[in-house]
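Make the full structure from the sequences, and use the hints.
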Amino acid sequence: MTKRLIGIVSALAVLLAACGGSGTGGASNAPAASAAAASKPDIKVGVAISLTGVGNAYGPAQKNGVQLAADRINAAGGANGAKIQLIIEDDQSTTDGGITAFKKLVQQDRVAAILGPTLSGTAVAADPVAQSAQTPVIAISNTGDGIVGKCSYGPCDYVFRVSLGESAAIPETVKTVKAKLNLKTVVLMYAQDDKFSSDGFAIFKKALEGAGITIKKEIAYSKNDVDLSGPVTQAVAESPDAIVNSSLAGPAIKVLQEVAKRKPGLPVIGGNGFNTPALAASAGAAAEGAISGTAWFIDNPSTENKDFVAAYKAKYSADPDQFAAQAYAGLYVLLDALKRTPNPNSVLHDKLKAQIELTTGVKTPLGEVSFNKDHDVTQKVYVVQIKGGKFTPIN
Amino acid sequence: MDELNDLFFAYSTTIGVLGINGLLALSVWLTLYCGQLTLGNAAFMGIAAYSSALLTMRADVPFPLALLIGALLAGLVALPLGATVFRLRGVYLAIATLAFGEVIRVVILAIPATGKGQGLVGIPPTTELWHIYLSLAVVTYLLARVRLSTIGRAWSAIREDEVAAASQGIAVRRYKLLAFVLGALIAGLAGGLSAHFNFALQPDEFGFARAVQILVFAVVGGVPNVLGPLLGALLFTVLPEILRSLQEYRDIFQGAVLVLVIVYLPRGLVTLFQLRRTRRLQRVGAADVA
Amino acid sequence: MLEQIYNAVFVGSIYALFALGFTLVFSVLDILNLAHPAIFTVGAFTALFVMQAGVPAPLALVIAAVVCGLLGVLLDRVAFAPLRRRGAPPLSAMISSIGVALILTRLIQLRYGPDLQAYPAGSVPSGVLDVGSLQLDGLRLVIIVVALALMVGLTFLVRRTPLGRQLRALAEDPRAARLLGVDVERAIAATFFISAGLGGVAGVLYGFATNSPYSQMGLPFELKAFTVMVVGGMGSIPGALVGAYLLSFGETASLAFLPSELRDAFAFGLLFIVLLVRPNGLLGQKSPDRV
Chain U
1 MTKRLIGIVS
11 ALAVLLAACG
21 GSGTGGASNA
31 PAASAAAASK
41 PDIKVGVAIS
51 LTGVGNAYGP
61 AQKNGVQLAA
71 DRINAAGGAN
81 GAKIQLIIED
91 DQSTTDGGIT
101 AFKKLVQQDR
111 VAAILGPTLS
121 GTAVAADPVA
131 QSAQTPVIAI
141 SNTGDGIVGK
151 CSYGPCDYVF
161 RVSLGESAAI
171 PETVKTVKAK
181 LNLKTVVLMY
191 AQDDKFSSDG
201 FAIFKKALEG
211 AGITIKKEIA
221 YSKNDVDLSG
231 PVTQAVAESP
241 DAIVNSSLAG
251 PAIKVLQEVA
261 KRKPGLPVIG
271 GNGFNTPALA
281 ASAGAAAEGA
291 ISGTAWFIDN
301 PSTENKDFVA
311 AYKAKYSADP
321 DQFAAQAYAG
331 LYVLLDALKR
341 TPNPNSVLHD
351 KLKAQIELTT
361 GVKTPLGEVS
371 FNKDHDVTQK
381 VYVVQIKGGK
391 FTPIN
Chain Y
396 MDELNDLFFA
406 YSTTIGVLGI
416 NGLLALSVWL
426 TLYCGQLTLG
436 NAAFMGIAAY
446 SSALLTMRAD
456 VPFPLALLIG
466 ALLAGLVALP
476 LGATVFRLRG
486 VYLAIATLAF
496 GEVIRVVILA
506 IPATGKGQGL
516 VGIPPTTELW
526 HIYLSLAVVT
536 YLLARVRLST
546 IGRAWSAIRE
556 DEVAAASQGI
566 AVRRYKLLAF
576 VLGALIAGLA
586 GGLSAHFNFA
596 LQPDEFGFAR
606 AVQILVFAVV
616 GGVPNVLGPL
626 LGALLFTVLP
636 EILRSLQEYR
646 DIFQGAVLVL
656 VIVYLPRGLV
666 TLFQLRRTRR
676 LQRVGAADVA
Chain C
686 MLEQIYNAVF
696 VGSIYALFAL
706 GFTLVFSVLD
716 ILNLAHPAIF
726 TVGAFTALFV
736 MQAGVPAPLA
746 LVIAAVVCGL
756 LGVLLDRVAF
766 APLRRRGAPP
776 LSAMISSIGV
786 ALILTRLIQL
796 RYGPDLQAYP
806 AGSVPSGVLD
816 VGSLQLDGLR
826 LVIIVVALAL
836 MVGLTFLVRR
846 TPLGRQLRAL
856 AEDPRAARLL
866 GVDVERAIAA
876 TFFISAGLGG
886 VAGVLYGFAT
896 NSPYSQMGLP
906 FELKAFTVMV
916 VGGMGSIPGA
926 LVGAYLLSFG
936 ETASLAFLPS
946 ELRDAFAFGL
956 LFIVLLVRPN
966 GLLGQKSPDR
976 V
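Residue numbers (my numbering), protein chains in the order written: chain U, 1 to 395; chain Y, 396 to 685; chain C, 686 to 976.
FYI, nobody ran anything at the bench for these hints, they're computed from the structure.
A quick note: this is a predicted structure, and the numbers were derived from the prediction, not measured.
Just to be clear, a hint being listed does not mean it is correct.
What the hints assert, rightly or not - Computed cross-link-like contacts, EDC-like style, restricted to lysine to aspartate or glutamate with a CA-CA straight-line distance of at most 16 Å: (1) LYS263(U) to ASP815(C); (2) LYS223(U) to GLU946(C); (3) LYS363(U) to GLU304(U); (4) LYS313(U) to ASP336(U); (5) LYS263(U) to GLU946(C).
Unchecked claim - Simulated coverage check for chain Y against chain C, where a stretch passes if three residues somewhere in it have a Cβ under 8 Å from a Cβ of chain C: (6) 470 to 483; (7) 598 to 612.
No residue lacks a Cβ here, since even glycine has one placed at the ideal position from N, Cα and C.
Written out as structure tokens, the structure is:
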């Protein structure tokens with residue numbers, strides 16, 4: 001029995017090795033194809049996103065966005081004649097999955113740079129892999145702290161971020177609502193058992209206190225709470241000028257529904273969790289007036305955005321969302337740096353990294369994007385309010 | 396050779412996770428072998444993970460000592476828990492341990508030192524693969540030996556028929572508690588190793604989903620001997636990687652594999668090579684794990 | 686205050702509907718069906734599917750109930766019956782149900798994506814009730830009424846009908862039941878049909894109430910169901926009702942004296958204590974496995 005057991009286990013190990021060795025995920029190495037082309041070899045760009053797991057609400061949109069960008073870039077001649085080849089891996093929304101995806105891209109595919117991973121929780125684990133391999137990473141959806149600039153795992157000068165951090169968006173939101181609504185007091189509600197909401201809560205608290213707004217009460221609830229009428233009743237009982245809610249869309253919808261029942265017209269302010277069409281779709285009239293700060297909104301009349309939205313609709317028969325927009329922008333920002341890098345396919349990526357650092361005023365659907373000295377994005381923060389079911393800027 | 400090296404590097408995380416899952420599977424196997432169905436080991440893992448991480452991060456405690464203290468803490472918590480629930484059996488025990496696990500999770504979320512909902516980041520990544528596999532080898536060896544010893548036989552007797560075992564003079568309560576606490580210690584060890592393998596910890600990782608996952612490793616792998624849980628951990632850790640190319644359909648295949656294995660291999664994966672013996676047992680009606 | 690009671694009744698009703706199906710399967714077959722949350726979700730999405738095709742909400746509810754009921758029977762055929770034939774212990778069935786849950790959830794995600802969905806605008810009945818100075822949500826009242834009606838119906842079924850007698854016999858002793866002429870397989874199929882049907886209805890109603898069905902919507906209820914089942918009494922249907930409302934009222938009340946972070950600890954602490962002190966639960970009929 002033991003002998004057979006060993007036999008099966010070794011067979012499994014060999015099977016694993018064989019499967020791992022062959023290509024996985026999206027397109028893998030294809031040197032033959034580019035050698036045939038008379039022009040330069042393809043530039044390999046890794047994309048590690050959540051196609052499975054809890055983050056798979058966002059991964060497919062990111063895949064669409066980055067794919068659209070790659071297609072358009074290549075149709076327009078690529079980066080100084082070299083085509084961009086995307087290698088898409090699933091980070092599985094877990095730290096292990098993210099680390100494995102990054103390792104494959106860095107070690108096996110030897111990409112020039114990586115876009116991703118989807119979730120901030122995955123990023124803090126996976127980014128160090130790219131950092132030690134000196135491969136630039138451009139975060140396209142991480143909005144938490146500690147992703148760029150001052151990273152908890154040590155130096156992270158190879159990590160950049162094109163997705164507007166909550167620590168930039170929220171203070172701007174608070175500033176705007178304080179002026180527009182003459183806010184003096186709020187109740188701060190938040191989902192205490194998920195990282196995004198907890199981070200957002202901390203940032204809101206700091207921003208509100210910094211703006212001299214009194215937080216009458218802090219109310220924590222669970223993201224799994226089936227009904228939020230209790231917490232909202234408590235909140236409304238404090239008679240604040242507004243309710244601030246830090247959570248993902250699901251609980252946010254519930255909060256809006258409950259507020260509308262008890263105190264219609266009471267302003268509700270949120271973070272990035274509000275920035276989804278699902279809010280207006282599910283909460284309907286209750287969502288009217290909800291305010292949040294966002295990096296992108298679909299009706300932004302800028303040329304780049306209208307062009308992007310039209311192209312996305314044409315290709316995918318669906319509206320793009322923020323994740324698609326940021327992924328699209330991320331590749332264009334990378335393209336800008338690639339164009340300025342003499343030998344983007346070299347084994348060492350320090351020159352590419354240096355060029356990414358110099359990113360200034362790249363026109364994207366998000367607006368003009370630059371990186372500051374912390375490698376974080378500087379762009380206009382749009383503070384939007386839902387009017388007639390659509391996000392409308394109020395700043 | 397280079398390709399093999401690259402392959403190894405790319406998969407080193409999976410290999411590490413595999414080892415940790417193996418330890419976790421063994422921790423549950425232990426209690427199953429004694430006839431106890433526990434869903435609390437994810438919580439024990441969490442207790443040890445957080446405490447060992449906090450020790451290395453804030454108190455500069457050396458890694459091996461932090462691991463030890465973490466595991467001991469988990470075992471310490473398991474003691475009163477095991478003592479209070481020993482009378483429960485089957486599903487009731489499972490639910491009681493699950494409820495306990497949930498209480499632990501909520502408490503972790505409420506303590507500021509653990510970072511609450513934000514979790515812990517920046518844990519020193521001191522775990523090497525050899526730490527994990529050395530631990531796994533030692534634990535496996537010890538459990539294999541224990542299984543053949545008096546203690547192991549007592550556990551087996553308790554699993555078969557608790558009342559009969561008690562009437563034979565076996566100190567049922569003590570043996571059950573032993574299995575329970577040992578299981579917690581092993582799960583704690585796995586927790587400490589895991590915390591220092593990834594760079595971050597989140598309370599989400601130690602809840603119901605994790606507890607169920609570990610149970611699946613052990614049951615699907617098989618309870619007859621120590622290799623069962625290891626096989627179960629191997630299959631389910633490696634399966635997502637093998638099925639990587641299936642991407643979106645991966646979960647469906649995983650679910651299907653789970654159902655197929657449990658339906659067709661009643662005594663677990665490890666009995667794949669013992670089908671004849673299983674058939675014999677099936678005829679007598681003694682084919683399944685307690 | 687009245688409003689809080691009203692909401693607690695609403696939440697308790699959803700808990701009860703969900704837990705009833707769950708408890709039914711457990712009491713008759715000793716199986717913890719962890720695919721129940723997935724069936725709950727299938728219910729909500731089946732309603733979404735037909736409503737997007739123009740079917741009105743009440744009919745969608747019925748369709749979803751039937752579809753889920755049939756799905757429950759299928760679930761048994763595929764994942765539980767083979768185990769039963771071998772005399773496998775309930776643990777194997779629980780593991781099997783985990784696999785099925787994974788598949789069902791993923792299928793929903795593949796069709797609809799994992800994001801929140803919404804029922805077609807205006808298709809979900811809505812309205813406001815004026816009770817004194819309060820404005821109560823009309824939809825929730827409808828849900829409460831439907832849930833109560835179903836609970837009464839189920840109790841009647843189990844207590845007064847031949848099928849109910851068969852189910853009770855089956856729960857008591859499957860072998861004896863067979864000897865006494867109960868068509869065991871048919872009774873089991875009926876059990877799953879009812880259980881899954883109830884779960885599906887719970888899903889639709891909850892989906893309507895929040896207007897945001899999504900693929901993982903059943904998960905928060907899974908753990909609550911354990912509490913309801915245990916507190917009310919394993920294997921007791923009236924017990925499940927009592928447990929459900931006890932839980933929902935307890936959760937609401939605990940807001941007053943527990944810091945909100947620890948609210949969940951209330952439910953599980955309660956569960957734990959009940960298991961230790963009175964494992965039968967409040968109205969339980971099954972004697973627990975005690976040594």
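Do the hints match the structure? See the list:
1. LYS263(U) to ASP815(C): Given that 16 Å is the threshold and the Cα spacing comes to 15 Å, the pair holds.
2. LYS223(U) to GLU946(C): Judged against 16 Å, a Cα distance of about 11 Å means the pair holds.
3. LYS363(U) to GLU304(U): It holds: about 7 Å lies between the C-alpha atoms, which stays within 16 Å.
4. LYS313(U) to ASP336(U): 24 Å, violated
5. LYS263(U) to GLU946(C): Answer violated: LYS263(U) to GLU946(C) is near 25 Å, above 16 Å.
6. 470 to 483: holds (count 4)
7. 598 to 612: With 4 residues close enough to chain C, the hint holds.
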